[in-house]
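Student: Chain residues, written in single-letter form:
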Amino acid sequence: SQELEQSPQSLIVQEGKNLTINCTSSKTLYGLYWYKQKYGEGLIFLMMLQKGGEEKSHEKITAKLDEKKQQSSLHITASQPSHAGIYLCGADGGATNKLIFGTGTLLAVQP
Amino acid sequence: DGGITQSPKYLFRKEGQNVTLSCEQNLNHDAMYWYRQDPGQGLRLIYYSQIVNDFQKGDIAEGYSVSREKKESFPLTVTSAQKNPTAFYLCASSIYPGLNNEQFFGPGTRLTVL
Chain A
191 SQELEQSPQS LIVQEGKNLT INCTSSKTLY GLYWYKQKYG EGLIFLMMLQ KGGEEKSHEK
251 ITAKLDEKKQ QSSLHITASQ PSHAGIYLCG ADGGATNKLI FGTGTLLAVQ P
Chain B
63 DGGITQSPKY LFRKEGQNVT LSCEQNLNHD AMYWYRQDPG QGLRLIYYSQ IVNDFQKGDI
123 AEGYSVSREK KESFPLTVTS AQKNPTAFYL CASSIYPGLN NEQFFGPGTR LTVL
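In the order they appear, the protein sequences are chains A and B. Residue numbers for the first sequence follow my numbering, so the first one is 191 and each next one is one higher. Residue numbers for the second sequence follow my numbering, so the first one is 63 and each next one is one higher.
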């Protein structure tokens, strides 16, 4: 079965610093989703990547899917306290829309 | 406003009691999903439904049951057979099943079994 591993598990950065979160799959990714979650709340969709080499940006957050489609990175530029939360990657598990999720990365941004 | 609602936000139950979590969506989505989230384990799929009156087991269906009698509703029952029911439960929906369809999530229900 497919597994997603995220690194790091947790991250503390100073406000204004850049950071990167990685998501590595044990199998080829056919669709990779990034979500953000505030503690105790639902997930907010950030971006979806499908093609090898694809890169998408939204405000200060950029996500990439590598050429071999087994790893994705999420990069935040000039982090702000509003970026704090749990970032989760999810991947299509096969023929049905069953998402498999990574264990998440907890981000804290210190003012 | 369109979206997914879950109720209640917090739920406390005694061990051995069945409990039903509500999930409603007004997005006219065909597919709906139930996930369980535990610390350090990410989200795990319990059940999903691709169309009304049909549902499939996910990865951790034991001790849970669902129904899909209406397109907008997908309630989850946590039965006494579920050995570790205390968790955060998330409901989601997508416009239709299949690849490359964003899932929209509800705000979640935190269930605590005493």
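Since the hints were derived computationally from the structure, they do not count as laboratory data. Idealized CB from N, CA, C, for every residue including glycine. Warning: the hint list may mix true and false statements.
What the hints assert, rightly or not - No more than 25 Å apart at the CA atoms, straight line, and that leaves these computed lysine to any residue pairs for SDA-like: (1) A/K217 - A/K250; (2) A/K226 - B/L176; (3) A/K241 - A/K207; (4) A/K288 - B/F74; (5) A/K288 - B/L176; (6) A/K207 - A/S191; (7) A/K226 - A/L296; (8) A/K217 - B/E86; (9) A/K226 - A/S197; (10) A/K217 - B/R106; (11) A/K228 - B/Q99; (12) A/K226 - B/E86; (13) B/K133 - A/I276; (14) A/K217 - A/I276; (15) A/K226 - B/D100.
Said to hold, decoys possible - According to the in silico footprint, chain A covers these stretches of chain B (three or more CB under 8 Å from chain A): (16) 98-111; (17) 164-170.
Student: Find the hints from earlier in the document that the structure breaks and name them by number, from lowest to highest.
Tutor: Violated hints (numbers, rising): 1, 2, 3, 4, 5, 6, 8, 13; every other hint is consistent with the structure.
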